[in-house]
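Number of protein chains: 2
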Amino acid sequence: MNYKVPLKDMSFVANEVLDMPGHYQTFTRGKAVDQDTLEAIYSEAAKFCENELEPLNKIGDEVGCKFDGGVVTTPPGFKEAYTSFVENGWPSLCGPAEYGGQDMPESVGLVFMEMMIAANHSWSMYPGLSLGAVKTIKTHASKELKDRFMPPMIAGNWTGTMCLTEPHCGSDLGLLKTYAEETDEDGVYKITGSKIFISSGEHDFADNIVHIVLARLPDAPVGIKGISLFLVPKFNVNDDGSVGDRNAVACGSIEEKMGIHGNSTCVMNFDGAKGYLISEPHKGMRAMFTFINESRLGVAMHGQAHSEVSFQKSLAYARDRLQFRAHPRKLEDKPADPIIVHPDVRRMLLTQKALSEGGRMLNMFCGKQVDITLSPDFSDDEKEVAESMLAVLTPIAKGFLSETSLETTNYGIQVLGGHGFIKEWGMEQEVRDARISQLYEGTTGIQGLDLLGRKILKSRGKVMKPLMSQVQAFIKENRRNKYAKQLKGYVGTWESLTRSIGFSAMRNLDEVNGAAVDYLMFAGYVTLAYFWAEAAVASEAAIKNGGAQEEGFYKAKLATAEFYYQRIMPRVLAHEAAIKNGVDSMMELDEAQFAYL
Amino acid sequence: MNYKVPLKDMSFVANEVLDMPGHYQTFTRGKAVDQDTLEAIYSEAAKFCENELEPLNKIGDEVGCKFDGGVVTTPPGFKEAYTSFVENGWPSLCGPAEYGGQDMPESVGLVFMEMMIAANHSWSMYPGLSLGAVKTIKTHASKELKDRFMPPMIAGNWTGTMCLTEPHCGSDLGLLKTYAEETDEDGVYKITGSKIFISSGEHDFADNIVHIVLARLPDAPVGIKGISLFLVPKFNVNDDGSVGDRNAVACGSIEEKMGIHGNSTCVMNFDGAKGYLISEPHKGMRAMFTFINESRLGVAMHGQAHSEVSFQKSLAYARDRLQFRAHPRKLEDKPADPIIVHPDVRRMLLTQKALSEGGRMLNMFCGKQVDITLSPDFSDDEKEVAESMLAVLTPIAKGFLSETSLETTNYGIQVLGGHGFIKEWGMEQEVRDARISQLYEGTTGIQGLDLLGRKILKSRGKVMKPLMSQVQAFIKENRRNKYAKQLKGYVGTWESLTRSIGFSAMRNLDEVNGAAVDYLMFAGYVTLAYFWAEAAVASEAAIKNGGAQEEGFYKAKLATAEFYYQRIMPRVLAHEAAIKNGVDSMMELDEAQFAYL
Numbered sequence: 044m045n046y047k048v049p050l051k052d053m054s055f056v057a058n059e060v061l062d063m064p065g066h067y068q069t070f071t072r073g074k075a076v077d078q079d080t081l082e083a084i085y086s087e088a089a090k091f092c093e094n095e096l097e098p099l100n101k102i103g104d105e106v107g108c109k110f111d112g113g114v115v116t117t118p119p120g121f122k123e124a125y126t127s128f129v130e131n132g133w134p135s136l137c138g139p140a141e142y143g144g145q146d147m148p149e150s151v152g153l154v155f156m157e158m159m160i161a162a163n164h165s166w167s168m169y170p171g172l173s174l175g176a177v178k179t180i181k182t183h184a185s186k187e188l189k190d191r192f193m194p195p196m197i198a199g200n201w202t203g204t205m206c207l208t209e210p211h212c213g214s215d216l217g218l219l220k221t222y223a224e225e226t227d228e229d230g231v232y233k234i235t236g237s238k239i240f241i242s243s244g245e246h247d248f249a250d251n252i253v254h255i256v257l258a259r260l261p262d263a264p265v266g267i268k269g270i271s272l273f274l275v276p277k278f279n280v281n282d283d284g285s286v287g288d289r290n291a292v293a294c295g296s297i298e299e300k301m302g303i304h305g306n307s308t309c310v311m312n313f314d315g316a317k318g319y320l321i322s323e324p325h326k327g328m329r330a331m332f333t334f335i336n337e338s339r340l341g342v343a344m345h346g347q348a349h350s351e352v353s354f355q356k357s358l359a360y361a362r363d364r365l366q367f368r369a370h371p372r373k374l375e376d377k378p379a380d381p382i383i384v385h386p387d388v389r390r391m392l393l394t395q396k397a398l399s400e401g402g403r404m405l406n407m408f409c410g411k412q413v414d415i416t417l418s419p420d421f422s423d424d425e426k427e428v429a430e431s432m433l434a435v436l437t438p439i440a441k442g443f444l445s446e447t448s449l450e451t452t453n454y455g456i457q458v459l460g461g462h463g464f465i466k467e468w469g470m471e472q473e474v475r476d477a478r479i480s481q482l483y484e485g486t487t488g489i490q491g492l493d494l495l496g497r498k499i500l501k502s503r504g505k506v507m508k509p510l511m512s513q514v515q516a517f518i519k520e521n522r523r524n525k526y527a528k529q530l531k532g533y534v535g536t537w538e539s540l541t542r543s544i545g546f547s548a549m550r551n552l553d554e555v556n557g558a559a560v561d562y563l564m565f566a567g568y569v570t571l572a573y574f575w576a577e578a579a580v581a582s583e584a585a586i587k588n589g590g591a592q593e594e595g596f597y598k599a600k601l602a603t604a605e606f607y608y609q610r611i612m613p614r615v616l617a618h619e620a621a622i623k624n625g626v627d628s629m630m631e632l633d634e635a636q637f638a639y640l
Numbered sequence: 044m045n046y047k048v049p050l051k052d053m054s055f056v057a058n059e060v061l062d063m064p065g066h067y068q069t070f071t072r073g074k075a076v077d078q079d080t081l082e083a084i085y086s087e088a089a090k091f092c093e094n095e096l097e098p099l100n101k102i103g104d105e106v107g108c109k110f111d112g113g114v115v116t117t118p119p120g121f122k123e124a125y126t127s128f129v130e131n132g133w134p135s136l137c138g139p140a141e142y143g144g145q146d147m148p149e150s151v152g153l154v155f156m157e158m159m160i161a162a163n164h165s166w167s168m169y170p171g172l173s174l175g176a177v178k179t180i181k182t183h184a185s186k187e188l189k190d191r192f193m194p195p196m197i198a199g200n201w202t203g204t205m206c207l208t209e210p211h212c213g214s215d216l217g218l219l220k221t222y223a224e225e226t227d228e229d230g231v232y233k234i235t236g237s238k239i240f241i242s243s244g245e246h247d248f249a250d251n252i253v254h255i256v257l258a259r260l261p262d263a264p265v266g267i268k269g270i271s272l273f274l275v276p277k278f279n280v281n282d283d284g285s286v287g288d289r290n291a292v293a294c295g296s297i298e299e300k301m302g303i304h305g306n307s308t309c310v311m312n313f314d315g316a317k318g319y320l321i322s323e324p325h326k327g328m329r330a331m332f333t334f335i336n337e338s339r340l341g342v343a344m345h346g347q348a349h350s351e352v353s354f355q356k357s358l359a360y361a362r363d364r365l366q367f368r369a370h371p372r373k374l375e376d377k378p379a380d381p382i383i384v385h386p387d388v389r390r391m392l393l394t395q396k397a398l399s400e401g402g403r404m405l406n407m408f409c410g411k412q413v414d415i416t417l418s419p420d421f422s423d424d425e426k427e428v429a430e431s432m433l434a435v436l437t438p439i440a441k442g443f444l445s446e447t448s449l450e451t452t453n454y455g456i457q458v459l460g461g462h463g464f465i466k467e468w469g470m471e472q473e474v475r476d477a478r479i480s481q482l483y484e485g486t487t488g489i490q491g492l493d494l495l496g497r498k499i500l501k502s503r504g505k506v507m508k509p510l511m512s513q514v515q516a517f518i519k520e521n522r523r524n525k526y527a528k529q530l531k532g533y534v535g536t537w538e539s540l541t542r543s544i545g546f547s548a549m550r551n552l553d554e555v556n557g558a559a560v561d562y563l564m565f566a567g568y569v570t571l572a573y574f575w576a577e578a579a580v581a582s583e584a585a586i587k588n589g590g591a592q593e594e595g596f597y598k599a600k601l602a603t604a605e606f607y608y609q610r611i612m613p614r615v616l617a618h619e620a621a622i623k624n625g626v627d628s629m630m631e632l633d634e635a636q637f638a639y640l
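Top to bottom, those sequences are chains A and B.
The first sequence runs 44 to 640 under my numbering.
The second sequence runs 44 to 640 under my numbering.
To be clear, the hints were calculated from the coordinates, so they are not data collected in a lab.
One should not assume that every hint holds.
Computed, partial: chain A to chain B, Cβ under 10 Å [stated by the list, open to error]:
| id | residue |
| --- | --- |
| 1 | K47 |
| 2 | S237 |
| 3 | F240 |
| 4 | D282 |
| 5 | V286 |
| 6 | H370 |
| 7 | E450 |
| 8 | V560 |
| 9 | A599 |
| 10 | T603 |
| 11 | Q609 |
| 12 | E619 |
| 13 | K623 |
| 14 | F637 |
Heads up, simulated SDA-like pairs for lysine to any residue below, C-alpha to C-alpha not over 25 Å straight-line [to be verified]:
| id | chain 1 | residue 1 | chain 2 | residue 2 |
| --- | --- | --- | --- | --- |
| 15 | B | K326 | A | P378 |
| 16 | B | K519 | B | Q529 |
| 17 | B | K466 | A | E105 |
| 18 | A | K501 | B | A379 |
| 19 | A | K466 | B | E209 |
| 20 | B | K373 | A | M549 |
| 21 | B | K466 | A | V115 |
| 22 | A | K373 | B | M549 |
| 23 | A | K101 | B | G107 |
| 24 | A | K186 | A | D250 |
| 25 | B | K47 | B | E105 |
| 26 | A | K373 | B | G625 |
| 27 | B | K519 | B | E583 |
| 28 | B | K233 | B | C212 |
| 29 | B | K220 | A | R368 |
| 30 | A | K598 | B | G625 |
These numbers were taken from a predicted model, which means no experiment stands behind them.
From the three backbone atoms N, C-alpha and C, an ideal C-beta is built for every residue, glycine too.
If we strip away everything but chain A, and leave its shape as in the complex, we get (with noise of 0.2 Å):
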């Protein structure tokens, strides 16, 4: 069974949950879409990535990238696909006008992020990253290399990478050790150091790859806030934007890894590489940072993708495999029952689809803000709405749907029983490839300490605001709805869990690190509660009005809302409670005294 675009259930959460065609009505990139330009992109989206990018998805992760003296070599057909994405136009698709793009609402570029992830997670890496390194450029650099790198990049000629992990630093990017020396050139300098980590960083798809690389100026303050950002051309870009002579930056080795064997993932070692300074001075970071948090969003469709593809391949198992007899019997002519007939078995494909369509809603809700905070249409308040909502909500959606999707991927492989663990069915290298998302674009860890720490407690619970709000509003407005008062309870711990925290790490700062993945999950299942009960209500809706052409469908909605409450929600007791028993408990152990060996 191939993996098939959920097309239906992306138009129900923008039409039914989320309003999306009224959100396009509300500034100027929305309003030129209309709503059957949108389908048409979506139908042809998706038959871009069912019929070239799913077919790669297999041999992607047989063979893998080869690298042979500084030179990458990417699967069969993956450099194919690439060349038809960029002669069909994908690349551009909300570029901006004024460097070639079409314009196109941030929102919807991320739904079509989610089918070529699901489809094949190594291949869409490549323009993934692009994507990055164009926006950094984009709301960075200088008009002249604006003028000069963009339009090709936007076009899909060009390739981008971000270049920031050293070997001695990963997380704690205040080590890295890069250098820029000046040059007689203002703003262009030569960058020396060597980066690992760097994801399409080479490979045989595009005429110029473009580097944007962390390093220190000379006489940077150290740690973090002696970092800037450079863009460093594998090939130099003549004055007439033509491809010049190479640049001082190869790729030392490609790393072999648990997934994803069809992205190269390199060593890049600078030596001297001519590089062009982007932002301003040491402000590197936050620049950066830009790029971050884009980054974060689509690894939290990583997650997700990864959950529905799962679903859909276990869920055609679970069809077809017959094994033992279900009470009454389903297939009284056949020796034994589907297995979808056990309980145990729909646990499993509830479990998936409740992640995966829940985490749909959460991604489709992030583009949605996304869309507001790069619009000049909103105003000042409005932006810091949608910012505080990102704030909150990028880290829960790349810690939660990618530590879910290592439970997803899992139960693909366990609804298949022994067969799940041979390669030929191909539920393995969901986990392997997904694997990746709980640790990219910092780890799990590093997400719960952004949220609780560097997001809520620092702003004294403040970022929370506008979501809270959304959400209490949803629940007086559907006040009779079951889901809607039970989620007025969880977000009221919620609420007070963190309050709890809050004073506990002024008695003791570990409280906040210790708590932050309990915290991080605990925070991700209260959301996807909110989203399921948005869900609960459109689908009562649609049914009531008797609209419904398929009526099975909404009811499916709120048979997956009512799993949900009723057997995924319990586990926010659990961490619950493992947060208010508190930190101690974790720092009474001496480092000398962990293994006895």
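Let chain A serve as the given structure and place chain B on it in line with the hints.
Structure of chain B alone, referenced to chain A:
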């Protein structure tokens, strides 16, 4: 960092928690073992595992088994390690003396098995499956078959396999189609059919391979009550015991898998192969359960062993990797502190430690019970107690320790951040190798059903009594101990939860299947809470007696018990609440409505 056998902890569990020396005084085989011999065995076994097996673990994963024209070649070094294993007499450690064995208690062999699995899971499965086959023959075959097959198998010159699964039947063995035809010779049959997922089914280690095969006799009743057990050698055996001509059984292919690449997972084709009936006609499943229970305990050790290795390796990294700074600083002269200072990293390490060491106590306790069930020196009553203990604890150990190994091995990756995803660190291999443990010898769902349905509810709770009596006696004896107090509450909840599912099941049998996995996990957490309370009491005693050479070791036990109760045990709240919310929300959704694609 390489895996080290945790001899000190094994000795703590044996001597201070489980009183194995006292246990060995209660039966003939045990009395024959003096403490010095035992320590010498463990120390030599550890050397074998650390020096000969562990160095082959990575190459086994990278190179895997090769298949060509029916011949399987194991990874480089595997065969040589097996030769050394045989030459040093390890295969016969617990075998009966009358067939050349060394007559050690089973519990000794199980400790050795933990070491072998931890050092090299794939390799350990060759002797592991062989032990299962030997025990099946020993328990159920005729004297003639035993005399002919057991000596070379116990010596390790021949190995054995278990052939259960067929393409269309995994858990539901009643569907199997492999059949036996009568021959002129009494007790001799021609076996025809195809078996899949046969671990160690073909390899280059041994002179002969003895397959234990499930098949149907002519006129067998349909379903599970028509299955018989046969012994089918790869090479026929001459009357003088020498290896004769090739039998009509051959390996058709080997599987490409997610992990355990060093073990050959074979399709075995039987084409009228000569086979000998073991046990009574149509009573094959009952006989097979000797093997199944034994092997489930083996899989429990797979889960626990991977937790141990992941713990050791991520601990080494966490002590070494410098990233971010603690308050107060740990290493003032370095730019950052080792990540073990951070609470969230400690949370992961302590979870691994608590589950590995807790799992070891559970598994070694099961080993003690196995000794009792197998020795003629115990009364029927004593045996019945031990059998009840194993009936309850085997599915718990198998299901819970394999499921939690998914968490612990993934923490092994997570502690290393992005490096954990890179193959060279070896952490992702632990995840892939451990993943099979939740599948083979019955998935987690099957374990949950076995525990809750087949064992507990079917006996109306009677089977739980011996375990509950022991736990209650512990609680009474240690009533001032803080963990004993909490344990009392957890055990009470366990009992009331069992009753409540029993009542629900009278109305709707699906409640059992729907609750099974949550119930299993609940039971697993409470069972380990019991053992951690035992460990805490033993450690307090050691510290109080002052004789403790390394007080830090016991302090670490107390700190880990505290962590387990404070931060792990809250999880039971989620499982309890999910079960109480019942099965209805799982059954509501019509099969056709699961997805609209």
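Checked hints:
1. K47: 4 Å, holds
2. S237: 15 Å, violated
3. F240: 5 Å, holds
4. D282: At 39 Å from the nearest chain B Cβ, D282/A fails the 10 Å test, so the hint is violated.
5. V286: This interface hint is violated because 31 Å lies over the 10 Å limit.
6. H370: Since the shortest Cβ distance to chain B is 6 Å, the answer is holds.
7. E450: This hint holds: E450/A lies near chain B, its Cβ roughly 9 Å from the closest one there, short of 10 Å.
8. V560: 6 Å, holds
9. A599: 4 Å, holds
10. T603: Status holds, d = 7 Å.
11. Q609: 4 Å, holds
12. E619: Hint holds; E619/A Cβ to chain B Cβ min 8 Å, cut 10 Å.
13. K623: 8 Å, holds
14. F637: Hint on F637/A: holds, closest Cβ of chain B at ~5 Å, below 10 Å.
15. K326/B / P378/A: Status holds; Cα separation ~21 Å.
16. K519/B / Q529/B: Judged against 25 Å, a Cα distance of about 12 Å means the pair holds.
17. K466/B / E105/A: 15 Å, holds
18. K501/A / A379/B: 23 Å, holds
19. K466/A / E209/B: Holds, at about 18 Å.
20. K373/B / M549/A: 21 Å, holds
21. K466/B / V115/A: Within the cut-off at roughly 19 Å; holds.
22. K373/A / M549/B: 21 Å, holds
23. K101/A / G107/B: 20 Å, holds
24. K186/A / D250/A: 22 Å, holds
25. K47/B / E105/B: 22 Å, holds
26. K373/A / G625/B: 22 Å, holds
27. K519/B / E583/B: 17 Å, holds
28. K233/B / C212/B: Holds, at about 21 Å.
29. K220/B / R368/A: Holds, because 18 Å separates the two Cα atoms, which is no more than 25 Å.
30. K598/A / G625/B: 20 Å, holds
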